[in-house]
Amino acid sequence: MERIDKINYYLDIAETVASRSTCLRKKYGTVIVNNDQIISTGYSGAPRGRKNCCDLGYCTKKKLLPDERHGGYDACRSVHSEQNAIINASRQEMLGGSLYLVGYRTENNEYEEGAAPCLMCRKMIINSGIKLVYVRESKTVYKVFNVEDWIKDDEFLKGQLEY
Numbered sequence: 001m002e003r004i005d006k007i008n009y010y011l012d013i014a015e016t017v018a019s020r021s022t023c024l025r026k027k028y029g030t031v032i033v034n035n036d037q038i039i040s041t042g043y044s045g046a047p048r049g050r051k052n053c054c055d056l057g058y059c060t061k062k063k064l065l066p067d068e069r070h071g072g073y074d075a076c077r078s079v080h081s082e083q084n085a086i087i088n089a090s091r092q093e094m095l096g097g098s099l100y101l102v103g104y105r106t107e108n109n110e111y112e113e114g115a116a117p118c119l120m121c122r123k124m125i126i127n128s129g130i131k132l133v134y135v136r137e138s139k140t141v142y143k144v145f146n147v148e149d150w151i152k153d154d155e156f157l158k159g160q161l162e163y
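In this text, residue positions in the sequence shown follow the numbering used here: the first is 1, and each later residue adds one.
Careful: at least some of the hints might be erroneous.
[As the list claims (entries may be wrong)] In silico BS3-like pairs for lysine-lysine, Cα to Cα no more than 30 Å straight-line:
id, residue 1, residue 2
1, K62, K131
2, K62, K51
3, K51, K26
4, K152, K63
Bear in mind the hints are in silico, worked out from the structure with no lab data behind them.
This structure is a prediction, so every number in the text was calculated from the model and none was measured.
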């Protein structure tokens, strides 16, 4: 039996974490790892104590902004999985670490095409001290973002407000 590589191992864990997401449209899960140790996990869902969309039976973002695919985050009840994972860890533990992200659509359970941290999450990832971000594209294929590139190639200065 062939042993799974370490990156897909952590992406598999992030995918399991995503199954706890309470969003009706997309399931996202994040695992933060440093020195081969899981530091924190997070999934997308409403802030603690607030009703989730799965409890309400409808997506507030879809209700308020039916044509918006990316953006419109103010209409969404969910805290992103990356944000939840970062909130639940200390910066000292995350310094130099890696973030593993998996997202899939609920209507077909297919991986989110073009998945990447949003601009708000990118800012949080930069400040957390995380160095690499791995995002699953298929069961064994992933892309890697070097956080240093986000710092050097500042999309805000170019007027790019979406990913």
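A quick look at each hint next to the structure:
1. K62 x K131: violated (33 Å)
2. K62 x K51: holds (16 Å)
3. K51 x K26: OK: K51 and K26 at ~17 Å, within 30 Å.
4. K152 x K63: violated (37 Å)
In this structure, the hints that do not hold are numbers 1, 4, in rising order.
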